[in-house]
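Chain by chain, the residues run as shown.
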Amino acid sequence: MSTPFAKLPGWVEYALIPLVNLAVAFLVAGIVVVFVGENPLEAARIMITGAFGSGEGIGFTLYYATYFIFTGLAVAVAAHAGLFNIGVEGQAYVGGIGVAAACLTFDQSMPWYLVFVLASLGSMAFGALWALIPAWLQAYRGSHIVITTIMFNYIASNLMLYMLLNVFKPLGQMAAQSRTFEPGGQLPKLDWLLSIFGLDIGGAPFNFSFLVALVAAFVVWVLIWRTRLGYEMRTMGFQPHAARFAGMKSKRIIVIAMLISGALAGLMALNPIMGDQYRIQQDFVSGAGFVGIAVALMGRSHPVGIVLAAILFGMLYQGGAELSFDMPEITRDMIVVIQGLVILFAGALEHMFRPAITAFFARLGKSRSEAAAGA
Amino acid sequence: MSDFAIELKGIDKRFGAVHANKNINLKVAKGTIHGIIGENGAGKSTLMSILYGFYQADSGEIFISGQKANIKDSKAAISAGIGMVHQHFMLVENFSVLENIMLGAEESAILTKGITKARAELKRLEEQYEMEVDPDAIIEELPVGVQQRVEILKAIYRKADILILDEPTGVLTPAEADHLFRILAQLKEQGKTVILITHKLREIMAITDEVSVMRRGEMVATRKTAETSVEELAELMVGRRVLLRVEKGEASPGDVKLSVRNLTVRDSRGVTMVDNVSFDVRAGEIVGIAGVAGNGQSELLEAIAGMRSATSGTVTLSGQPVDVTGPGDPADMRKRGLAHVPEDRHHTGLVLKFEEAENAMLGYHGDRKFGQSFLLDVEAVRKDAMEKIEQYDIRPPNPRLKTANFSGGNQQKIVLAREMERNPDVLIIGQPTRGVDVGAIEFIHKRIIEMRDQGKAILLVSVELDEIRSLSDRIIVMFAGRIAGERNPDASEGELGLLMAGVENKLEAAE
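Protein sequence lines correspond, in order, to chains F and U. Under our numbering, the residues of the first sequence are numbered 941 to 1315, in order. Under our numbering, the residues of the second sequence are numbered 46 to 556, in order.
Everything labelled a hint here was simulated from the structure, so no lab data went into it. It should be emphasised that the depicted structure is a prediction, and the values quoted were computed from it without experimental measurement. Just so you know, even glycine gets a beta-carbon here, dropped at the ideal spot from N, CA and C. Treat each hint with caution, since some may be false.
[As the list claims (entries may be wrong)] Distance condition first, Cα-Cα at most 27 Å in a straight line; then the derived BS3-like pairs of lysine-lysine:
id, chain 1, residue 1, chain 2, residue 2
1, U, LYS428, U, LYS447
2, F, LYS1191, U, LYS380
3, U, LYS120, F, LYS1191
4, U, LYS158, U, LYS233
5, U, LYS120, U, LYS162
6, U, LYS428, F, LYS1191
[As the list claims (entries may be wrong)] In silico contact screen, one side only, chain U against chain F (beta carbon under 10 Å); selected entries:
id, residue
7, VAL178
8, ALA182
9, PRO387
10, THR393
11, LEU397
12, GLY408
[To be verified] Computed far set for chain F versus chain U, every beta-carbon distance over 10 Å:
id, residue
13, VAL972
14, SER994
15, SER1097
16, TRP1132
17, LEU1154
18, LEU1169
19, ARG1174
20, HIS1181
21, ALA1186
22, GLY1187
Build out the structure end to end from the sequences listed, making use of the hints.
Take a look at the structure:
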């Protein structure tokens, strides 16, 4: 006795429902803006022009999006295997060691593209390492990965402080950060990419790691939908019992999925360290790991969705910065509220409007087929 | 007052593109037992869900005892006097019978007064309908048949005049089923109306006054039970003539392919589920394991398939010993020529969210033909799936469709095609036709016999005694984890039923 399966057309599932959620999020955010005493339409205008109105704005938006593509992919890869990796924040942070070590060691002796290769491998290795312990604990000791990865975020934060103060900080430096890298430790800006569209990058730190992020998105797509490993991961994620039936080695898959997830998280460190600041600083992840959860949720763990959702969140970051600058009533904290609303409606309350939309399309389908029957 | 307890007029319901109920008209006379039959996905459950307020009909009217009723949720259904006994019981397992009966009808925040009242009322109902139940027994300690009685009492306690039972005998032994039918007859005598949803035609013939047949969302016929036959009903259900009896020749058993010795399996709580079981399956024969669900059959199959580790015992597959007490390796068992059709296709045999083609290789996804490297050759996967779809007539023939969108019968065919087409030496099959429509059952049974005639050793587990009897060459009955006896397939249903209920066991122990 099964319940008939109601299916929505693809464009409704993947475009209309997210857009409706987004619209409601902005509507509620608009109401908040009204309460603060500002004009919501004006605020929206500032936000959108701030994010997309100029070459520099777009550069910043895509710079922020780069963070979120990496962290969103990291969350998504784990999610496909049924694992909630909440530790992307910490894995990205520790991944910074790999980037900084490569840059500090070779920035004076090698060109950037060689240092970049080493920095990528290093960041992936350190990010994966930080995911390995929770993964092993989950697979072989049954410790819940959500708990352990949260704990590892705290450990990462203290470990990195130690590393910054005792390993990376040059003598005589007051802040917890390394020296500035020489050109060999600097990724090129993507000003040429924007200038193709006649845009001027201005001071935006939009850099090479954006392209790395797009490549990573493609690789994740291949991994999930075109490899045996991805197939096994998805089987695990959907139906652990079926994975057991099919003879899949679930413990191994848990560890591998988390290593890949951690490696993707680690890669994120390229963007701020090698692409923008040219040094490793305290708290350079600044919450991007957690935003990755929302991005993966909104992008439905699909690389294309993740890239789009990452750009949306990049817009919120960049447009939000402009907004708090132009409207003094709207503080940075207000921007966080708006971002929170988007996460709430697009992520947590994702299914809120689904029944109504499903019912609407059911009615539509019915009247259509009746019309067809009448004709 | 109307003579009809329930009257449905023009009930119509769609789920997206699926037209689950098309203009259904149904009249159920007061004080009768009315059967509703139909294949899986024919719309029986949807119709009853509308009647019980789980779904709203898109159009149509419901009349209860002649009064137009607006049943917007199950609360409204209960107050209209409708009670439902679900296939899977809605009981709180660690509550007592009395607590379950009261649940949702406590009347006040302090329970003391309600308990006294409920206890008295329960006693009265038990006497009136001759259903003895200990009000203080804990549900999980009661046999399934008694749990079902509690469900019925629960409905009557809520003043139900109309009782809907959804596949009530699926979990019962033949004796328990007989007891249930006596209860239903008693309820009818007391003026209650019973609607019985089932796919077992013999039950319909045995107990109902009238029977309605559904097919593809439509109500195709209503007959007086006395004036119809099993053959006619089967034909109405499927829309064509069906072979109810499996035709098969004599088995010619060869060498022992699967040998199980002293197998004992404990579950995670340490409860012994399979207790010192030994048997052989030879090439070219079907050994059926009969038994009421939950008597160790599932654990037995899983232990042989390598999905569950056994506590002790040995299994020999094609002459090679298998390490059954280790962690188990289903992939290795496949390599050694064992194919497994698991009991639960929804959670084990298939990933419902996968495309059909992805399920068609589950467990065999490491094969070279699906890609030479770590990459999957998606074209090869879909081509292979398409070949199986054609051979097994899986509908719709679309390897890219989500598996959840296939009917139960077609889902089962996906699993069977995958496991049978590997040409295994030993095939173990759990519940081959659970939730599968009549037309597909015929096909599946034929394939199983074909496999036998090709010289495969087949171990078949089913809770459908009819299925076991018609397919098996030898029948082993399991009760409480032990082999209660072995019989020939021509043993009478009563004899097998006693073994299934563990009666003979007790007699032997007493001697």
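Against the structure, the hints:
no. : hint                  : in the structure
1   : LYS428/U to LYS447/U  : 16 Å, holds
2   : LYS1191/F to LYS380/U : 21 Å, holds
3   : LYS120/U to LYS1191/F : 46 Å, violated
4   : LYS158/U to LYS233/U  : 32 Å, violated
5   : LYS120/U to LYS162/U  : 22 Å, holds
6   : LYS428/U to LYS1191/F : 31 Å, violated
7   : VAL178                : 26 Å, violated
8   : ALA182                : 29 Å, violated
9   : PRO387                : 6 Å, holds
10  : THR393                : 5 Å, holds
11  : LEU397                : 8 Å, holds
12  : GLY408                : 4 Å, holds
13  : VAL972                : 35 Å, holds
14  : SER994                : 43 Å, holds
15  : SER1097               : 36 Å, holds
16  : TRP1132               : 33 Å, holds
17  : LEU1154               : 20 Å, holds
18  : LEU1169               : 7 Å, violated
19  : ARG1174               : 7 Å, violated
20  : HIS1181               : 5 Å, violated
21  : ALA1186               : 4 Å, violated
22  : GLY1187               : 3 Å, violated
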